[in-house]
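Trainee: Take a look at the letters that make up each chain.
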Amino acid sequence: MRTGLGEDVYEVFARKNRGEPLRHIGYIDAPGDELARVYAWKTYDEENWFEMCVVPRGAVIPVNRVEGPWAGNVPEGTHGP
Amino acid sequence: MTPYTEDELKKKIRGGYILESPEEMTPGYRRALIVQLTVQADTELMSAPAYWFAARHAPSTNTQVSAHAIIQDELAHANIAYRLLEDLGVSKEQLVYGREPHEFKHPYGFDQPLDNWAELVVANGFFDRAGICLLGDVHRNTSYGPLKRALVKVDMEETFHLRHGEVWMRRLARAGGAATELLQRCVDWMFPMTIEWFGLPDDLKHHSGQLDYKLKGLTNDELRQVWMSSTVPLCESLGLSVPAHYDEDGDEYVLEYPFPCEYDPDAKRWLFEDGEITWQAVFERWKGRGPMNEIYVDSVRRSRGSVTSWLN
Ligand SMILES: [Fe+2]
Ligand SMILES: [Fe+2]
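Those protein sequence lines, which keep their order, are chains A and B. Sequential numbering from 0 applies to the first sequence in numbering that gives the first Met the number 0. Sequential numbering from 0 applies to the second sequence in numbering that gives the first Met the number 0.
Chain A with its partners taken away, still in its complex shape (with noise of 0.2 Å):
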């Protein structure tokens, strides 16, 4: 899941105001934690969020679906939920 220069991927979650639900907005790539922080917030200023925060992707673990951007995070030896 590197990319050039060291970098991971990154999902990054958002909640527009109080009361919302925190939605997936996009990704990133970051070499490390803080850059990530960094790179989230101001790649997707589109809004004045409440609350953002990003997750690396490889930390993302499907329950119910093998297939997509986590789908290599499926614990071994495990069938659907």
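Read the hints as simulated data drawn from the structure, not as lab findings. Among the hints, a few may not be true.
Mimicking SDA-like on lysine to any residue, the simulated pairs with C-alpha atoms at most 20 Å apart in a straight line are [said to hold, decoys possible]:
no., chain 1, residue 1, chain 2, residue 2
1, B, Lys147, A, Pro68
2, B, Lys147, A, His23
3, B, Lys152, A, Trp40
4, B, Lys267, B, Trp188
5, B, Lys152, A, Asn47
6, B, Lys267, B, Leu239
7, B, Lys152, A, Leu21
8, B, Lys104, B, Asn219
9, B, Lys104, B, Leu87
10, B, Lys213, B, Pro21
Negatives, chain B to chain A, calculated, CB over 12 Å [to be verified]:
no., residue
11, Pro2
12, Glu7
13, Arg30
14, Ala31
15, Gln71
16, Lys104
17, Lys152
18, Glu165
19, Asp187
20, Gln209
21, Ser228
22, Glu255
23, Asp263
24, Arg268
25, Trp278
26, Ile294
What the simulated footprint calls covered on chain A by chain B, stretch by stretch (three residues with Cβ under 8 Å from a Cβ of chain B suffice, anywhere in the stretch; the number is not a length) [what the hints assert, rightly or not]:
no., stretch
27, 14–21
28, 47–58
Computed from a predicted structure; not experimentally measured. Glycine included, each C-beta is placed from N, C-alpha and C at the ideal position.
Could you slot chain B with the ligands onto chain A? The hints should help.
Mentor: Here is chain B with the ligands on its own, set in the frame of chain A:
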């Protein structure tokens, strides 16, 4: 591996099916999507140096801020599109740093120098509007879920770029004199430049599959009409003349010059007097790239090599 044949997938898509991951794609779908995303990513990326060079002509600190905010948006849009490509197994590293400048897929318009503040704001008014027409159509119609979601941010910000262009075009038009003359000169080369950007007319276009896979909804000619339907009235309301008008009988906008025709990039002038040329000749001009191609590509990657070598 692929769960569907090309025909099965097209049929599912016609029924409203949204793809969420590469595993669901047929080779034809994947190929068409990669072509589309590469053009999109390269266009966003090359708009940044074009605007960045032009931002030096901003007349105040306020305008410096808004010009650079637009550049920052464009780089984020490029980054997002390359990231989508990476999830399809295409290397962003190779696309951005591994190609020759002439291999980028952005439109010829972003190989041209923007030499003053008027050219920058008309680029916002014309080129960013073209971006909105094209990407807005993709946003409404695309069958690829991750792209549809990514375009929410892009559409929102492109609307701001367009407004920046329109507001400033209005200010310059109202000023009269030298400002208005300069504005008219921008329109004279940038209007046909944007018209050409939308590509081959429908009656000459090979079947690309982008419509069958619902990667977009409108044809080249339809998109050209959408662009003209807002640009022509805008220019007319500002007292600027454009080589196109609305034809009541045909219910469409009609060009008043030979299309396509040759362009002199040094003089920034379309050679209407030399008449219509073939699309083959247009493709050759595009392939030869314009005067700023190498300079723009170099400006977004000149320090990559040295910094990478320090880190590794
Ligand atoms: Fe953009
Ligand atoms: Fe833009």
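Trainee: Give a verdict on every hint.
Mentor: Outcome of the hint check:
no. : hint                   : in the structure
1   : B:Lys147 with A:Pro68  : holds (16 Å)
2   : B:Lys147 with A:His23  : holds (13 Å)
3   : B:Lys152 with A:Trp40  : holds (13 Å)
4   : B:Lys267 with B:Trp188 : holds (6 Å)
5   : B:Lys152 with A:Asn47  : holds (13 Å)
6   : B:Lys267 with B:Leu239 : holds (18 Å)
7   : B:Lys152 with A:Leu21  : holds (16 Å)
8   : B:Lys104 with B:Asn219 : holds (17 Å)
9   : B:Lys104 with B:Leu87  : holds (18 Å)
10  : B:Lys213 with B:Pro21  : holds (16 Å)
11  : Pro2                   : violated (10 Å)
12  : Glu7                   : holds (17 Å)
13  : Arg30                  : holds (19 Å)
14  : Ala31                  : holds (20 Å)
15  : Gln71                  : violated (8 Å)
16  : Lys104                 : holds (20 Å)
17  : Lys152                 : violated (5 Å)
18  : Glu165                 : holds (20 Å)
19  : Asp187                 : holds (34 Å)
20  : Gln209                 : holds (23 Å)
21  : Ser228                 : holds (26 Å)
22  : Glu255                 : holds (39 Å)
23  : Asp263                 : holds (39 Å)
24  : Arg268                 : holds (38 Å)
25  : Trp278                 : holds (37 Å)
26  : Ile294                 : holds (23 Å)
27  : 14–21                  : violated (count 0)
28  : 47–58                  : violated (count 0)
Hints 11, 15, 17, 27 and 28 from the list above are not met by this structure, while the remaining hints are.
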